[in-house]
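Residues per chain are reported as follows:
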Amino acid sequence: MDIATLLGLVVGVGLIAWAVISGAGEKVGAFIDPPSVAIVFGGMTAATLISFPLKSVLSVVGVLKNAFLHKAMSAEKLIADLVSYAEIARRDGILSLENVTKDIDDDFVIKGIQMAIDGTDPELIEQILTSELDSISDRHSRGKGIFDTMGKYAPAFGMIGTLIGLVIMLQNMDDPSKIGPGMAVALLTTLYGALVANLVCLPLADKLARRSGDELLLKEIVIRGVMSIQSGDNPRVVEQKLKTFLSPTMRASMEPEEA
Amino acid sequence: MDIATLLGLVVGVGLIAWAVISGAGEKVGAFIDPPSVAIVFGGMTAATLISFPLKSVLSVVGVLKNAFLHKAMSAEKLIADLVSYAEIARRDGILSLENVTKDIDDDFVIKGIQMAIDGTDPELIEQILTSELDSISDRHSRGKGIFDTMGKYAPAFGMIGTLIGLVIMLQNMDDPSKIGPGMAVALLTTLYGALVANLVCLPLADKLARRSGDELLLKEIVIRGVMSIQSGDNPRVVEQKLKTFLSPTMRASMEPEEA
Amino acid sequence: MDIATLLGLVVGVGLIAWAVISGAGEKVGAFIDPPSVAIVFGGMTAATLISFPLKSVLSVVGVLKNAFLHKAMSAEKLIADLVSYAEIARRDGILSLENVTKDIDDDFVIKGIQMAIDGTDPELIEQILTSELDSISDRHSRGKGIFDTMGKYAPAFGMIGTLIGLVIMLQNMDDPSKIGPGMAVALLTTLYGALVANLVCLPLADKLARRSGDELLLKEIVIRGVMSIQSGDNPRVVEQKLKTFLSPTMRASMEPEEA
Amino acid sequence: MDIATLLGLVVGVGLIAWAVISGAGEKVGAFIDPPSVAIVFGGMTAATLISFPLKSVLSVVGVLKNAFLHKAMSAEKLIADLVSYAEIARRDGILSLENVTKDIDDDFVIKGIQMAIDGTDPELIEQILTSELDSISDRHSRGKGIFDTMGKYAPAFGMIGTLIGLVIMLQNMDDPSKIGPGMAVALLTTLYGALVANLVCLPLADKLARRSGDELLLKEIVIRGVMSIQSGDNPRVVEQKLKTFLSPTMRASMEPEEA
Amino acid sequence: MDIATLLGLVVGVGLIAWAVISGAGEKVGAFIDPPSVAIVFGGMTAATLISFPLKSVLSVVGVLKNAFLHKAMSAEKLIADLVSYAEIARRDGILSLENVTKDIDDDFVIKGIQMAIDGTDPELIEQILTSELDSISDRHSRGKGIFDTMGKYAPAFGMIGTLIGLVIMLQNMDDPSKIGPGMAVALLTTLYGALVANLVCLPLADKLARRSGDELLLKEIVIRGVMSIQSGDNPRVVEQKLKTFLSPTMRASMEPEEA
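Protein chains in written order, with my numbering: chain A, 1 to 259; chain B, 1 to 259; chain C, 1 to 259; chain D, 1 to 259; chain E, 1 to 259.
If you are wondering where the hints come from, they were derived from the structure by calculation, not from laboratory data.
Note that CB positions come from ideal geometry on N, CA and C, so glycine has one too.
Some clues are possibly wrong.
Heads up, simulated DMTMM-like pairs for lysine to aspartate or glutamate below, C-alpha to C-alpha not over 25 Å straight-line [claimed, not checked]:
#1 Lys-65(C) with Glu-132(C)
#2 Lys-241(D) with Asp-81(D)
#3 Lys-178(C) with Asp-33(C)
#4 Lys-77(E) with Asp-103(E)
#5 Lys-77(D) with Asp-174(C)
#6 Lys-55(E) with Asp-148(A)
#7 Lys-241(D) with Asp-148(D)
#8 Lys-55(B) with Asp-214(C)
#9 Lys-27(A) with Asp-2(A)
#10 Lys-144(A) with Glu-215(B)
#11 Lys-55(C) with Asp-148(D)
#12 Lys-77(D) with Glu-98(D)
#13 Lys-241(A) with Glu-215(A)
#14 Lys-219(C) with Glu-123(C)
#15 Lys-27(A) with Asp-175(E)
#16 Lys-178(B) with Asp-174(C)
#17 Lys-77(C) with Asp-138(B)
#18 Lys-241(C) with Asp-103(B)
#19 Lys-241(D) with Asp-107(C)
#20 Lys-111(C) with Glu-76(D)
#21 Lys-65(A) with Asp-105(A)
#22 Lys-77(D) with Asp-103(D)
#23 Lys-77(C) with Asp-174(C)
#24 Lys-65(C) with Asp-105(C)
#25 Lys-27(A) with Asp-174(E)
#26 Lys-219(B) with Asp-103(B)
#27 Lys-219(D) with Asp-134(C)
#28 Lys-55(B) with Glu-215(C)
#29 Lys-219(C) with Asp-138(B)
#30 Lys-241(E) with Asp-138(D)
#31 Lys-219(E) with Asp-33(E)
#32 Lys-241(C) with Glu-220(B)
If you only want the chain D side, here are some residues facing chain C, beta carbon under 7 Å, derived [said to hold, decoys possible]:
#33 Ala-30
#34 Ala-194
#35 Ser-247
Covered stretches of chain E, as calculated for chain A (at least 3 residues, CB under 8 Å) [said to hold, decoys possible]:
#36 38 to 52
#37 117 to 129
#38 150 to 162
Use the sequences and the hints to build the structure in full.
Structural data, given as structure tokens:
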């Protein structure tokens, strides 16, 4: 689980709750209005369903779970593994990697190495792996797109709810004592919309984009590594090539292993 | 029909209607004001007519109908078809495809294969098909552009209507009991504009763009396939080339057929 | 004259006028306030003069007139003409085009063919025609830019006028009966600014961009055609090359002539 | 001095002053509030100082003066000069240009020709002149950036000033007669911010960008001309090459000289 | 320390403080409300934590300190140094640079020269140094991104706080004397959010981007210089190549040293 996301959500929700409770006292119930919740969440969901195919909207849960629970392999570990495969292929021939694939967790690595073992044309290996990379990138950016869309429509339906509430209130101005509470309820949808957008949807969309970038970098390292193994590169060369993907600090932390 | 679009529209309109009815009680009629409808829809239409050529605006209905009712061929089916044409061309010569074109539904595929049969210069085939692709893409993005434009001007004319209503109301402040209802009517145009933009125009523009992307991918597969058939590629090679357009999950679902 | 533009302006202005008159009754004069008109139009003009060179601002009238009154040649007609010139050049030599240039309307076509007749270096012909194309495109996009700029500053000076009106009104709150009308006048500038921007400037800027695109496509066809004629291409080849600029429906409508 | 800029400023400031004076009557003093001026201008300056290096902010005055007072050489005159240098170089050898450089005003032209005389490597001449061009372009776009930044922060500090004024006013609501004037003062900062941004900063930023474009075009002509002279091109060819930078109307106005 | 940043912060904060104190008199305490501070800063921090990985957020302090306290080497000095290394390498062989590296401050220069001494493949040197440059650029733009994000969410949570305050106030409208102060408190969060964004976060993000540009230019000069030294270029050529990175004024100030 991504610590910063959890921390941010807890801090944000906690603070807002504290501000509401400490400010409203026993009238805290005034902040909860089911019809307002329905307008904001329902409207946001409706607009998102119209914007995206149903399949994409349903896949959001999976994207979220995957993005926050799936522990990504470290790039250092991945490079070390790929270099060891290159050593095996150099020493015992590329077919001997057959035994190794059983112990690999990552499907993408297995697929790449299996194609190398099968003697698939290098250009085709690269095309297939790259197309898979593009497809993962697509899926991720659709996930981000859905959260961005929700973050765009939540405040819009918040405003729509407030307008509906104001029109109702303005029709009933005979009893001045009801103007205040009527307007309070009308403002709730704007508040809900702003919270959903700024505390959940938009920041999550940003985090998803960043996690996607990290994951795609790993896939690129795999593609580069498989191509290099397939062409029979010296393991040292494989290592040097792959390490250019790392940041200098990451690279420095690998130097001892290299010596 | 696109399920998510229908679902989104029903959910969205239903929710707003429920919120209005449950909130306004018997005064629900206050939410319907024909002059306000005229300002928002008329102004939006006027601005769209000035922005686009008449022909484009009129074609919107067709674009919408086509985008939501037309059932796109699946990419898997299309590739399987193209591979079978490649097999026929390989076995019996490219002229034998003449018999096949009668059974093809898609005009774009027929056109491409017919040019290959006629021995048209490959470069010219590619140019003509690509120019057709560009033209379809243009038509789609004009369709999306019109909905985006309507989604931009609907709230603007909503605000203009509210300003007109406010000026009228402020001129008649002698009778305080009319201030509330006057302001309520003034706000209606803003409400209408926000609903039209956020529940209809902007989400539909997004969906159109996504459907267009799917359709253009199919056309690109056709172009690639026709070029490959024309150059006499081995059917296996045609299949491999075309499948790089598919996402891995789609590709996996085709593997059995391949074996 | 562009029908949709005229229609849009008439519908839009008519609707707003109807809404104002039917809503305000005999107080319709309250919607006309010369100082408010001066602030919005004057401010918008001032900001546009500071943003653009005087020459560009003055040329706007010409750009508008040209864009809406000038009847563009149809692309089909243009291609048919260019193909016929190619036939003449093929049959009687390129110098025989000298007789043809007298009957051509379009200066751009004349210039291109004249250079071909004069034996100007092909690369230079292309450079000169392309530089002319760029210069037309520049002039058009400056025209669009001026309308976009006016559409940006009109609402800004509308808001400035409202602020000035509010400050004046707030200084004179002794007589409560004047608050309403004072505020009504203050809101007028915002209303004017919104109308000028959303009903005139921004939609016209969009239409200009689209008309410019159509006109530049014609110029590109001319350049391609002149280069093709100059290099002595077969008229059939000239036709095929030029028709890739057309959309498929336009192309289909030319097929009979081709047979 | 750029006429349109001066005209725009005079018209804009005049109009606003007229609207304020004619509207406020003898209460015109209510529109001048030194603390409000301090918040808007001070805040805008502070934010600009944080955004840019001190040196860039101080250079703004120079950029402005240069942009509006410096009379740019006409492109036609520049091309005629460069063609005459090409003629001299053709006739008497490139070293004979030594006598010419004394009479040239423009440092950029002198520098280019001097390097050609010195026999500097053509590639290096181009690199050095291009790097100088980039550096001028950089300075200009920094100038534009500073005005854009001021135009962004002026309204922001206008709003901040209004919020401060509102909070003060709301704390002192015991005396209702002071609410109006208090709110009037609070709105002044928003008015100032909107005026500074929309009448001065943003339009000036646009004008600067346009003047920069004109000046950089001249420098590009110089670079192209010097490279052409250096390579010993025929003066006619130099002229043809350079004139492709001109718009067709400018080019037409040079034709007589050419004959 | 960057003078303009300090100056801007002092001027900005000082002005706002003066405006508040001079305006509010002894009621200045009304501008300080701890719960409002908590909502704006807490909400902004929460949204930033959700948007970025924890590591990036924590590194902000380092990025800031580095950007404002670290005194960048001047480009002129750096070029002079690199040219002197080129002279040594030319005279005594590249291995003799070993003695020089001890006296160099900058790790990036040392790393590049050390690889040249070690005879690392030129292509690999360039790849490694460029990847390090990309990684520095990444770190900087993440730093800028965090400030931009904070500048985006601070006003959003300011508005959320105001909405919460308004709802609470509207529920308690029995006592009219509390409406003013209640609304004053509600507006404070909007004021805080606007100040944090416009006086701190957004301008700092801009300054960071500009400082990053300066630093990356130095690194590019180093890469170009090391590559040039490694390939045994003449020191004069090294100097000429590197000086094309300088602006003309910087270049002019180096001329004497060159003579």
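Against the structure, the hints come out as follows:
no. : hint                       : result
1   : Lys-65(C) with Glu-132(C)  : holds (20 Å)
2   : Lys-241(D) with Asp-81(D)  : holds (14 Å)
3   : Lys-178(C) with Asp-33(C)  : holds (16 Å)
4   : Lys-77(E) with Asp-103(E)  : holds (14 Å)
5   : Lys-77(D) with Asp-174(C)  : violated (66 Å)
6   : Lys-55(E) with Asp-148(A)  : holds (24 Å)
7   : Lys-241(D) with Asp-148(D) : violated (36 Å)
8   : Lys-55(B) with Asp-214(C)  : holds (14 Å)
9   : Lys-27(A) with Asp-2(A)    : violated (36 Å)
10  : Lys-144(A) with Glu-215(B) : holds (22 Å)
11  : Lys-55(C) with Asp-148(D)  : holds (24 Å)
12  : Lys-77(D) with Glu-98(D)   : holds (20 Å)
13  : Lys-241(A) with Glu-215(A) : holds (19 Å)
14  : Lys-219(C) with Glu-123(C) : holds (17 Å)
15  : Lys-27(A) with Asp-175(E)  : holds (16 Å)
16  : Lys-178(B) with Asp-174(C) : holds (23 Å)
17  : Lys-77(C) with Asp-138(B)  : holds (22 Å)
18  : Lys-241(C) with Asp-103(B) : violated (31 Å)
19  : Lys-241(D) with Asp-107(C) : holds (22 Å)
20  : Lys-111(C) with Glu-76(D)  : holds (21 Å)
21  : Lys-65(A) with Asp-105(A)  : holds (19 Å)
22  : Lys-77(D) with Asp-103(D)  : holds (14 Å)
23  : Lys-77(C) with Asp-174(C)  : violated (72 Å)
24  : Lys-65(C) with Asp-105(C)  : holds (19 Å)
25  : Lys-27(A) with Asp-174(E)  : holds (14 Å)
26  : Lys-219(B) with Asp-103(B) : holds (18 Å)
27  : Lys-219(D) with Asp-134(C) : holds (19 Å)
28  : Lys-55(B) with Glu-215(C)  : holds (17 Å)
29  : Lys-219(C) with Asp-138(B) : holds (19 Å)
30  : Lys-241(E) with Asp-138(D) : holds (20 Å)
31  : Lys-219(E) with Asp-33(E)  : violated (47 Å)
32  : Lys-241(C) with Glu-220(B) : holds (21 Å)
33  : Ala-30                     : holds (5 Å)
34  : Ala-194                    : holds (5 Å)
35  : Ser-247                    : holds (4 Å)
36  : 38 to 52                   : holds (count 12)
37  : 117 to 129                 : holds (count 3)
38  : 150 to 162                 : holds (count 6)
Violated hints, in rising order: 5, 7, 9, 18, 23, 31; the structure is consistent with all others.
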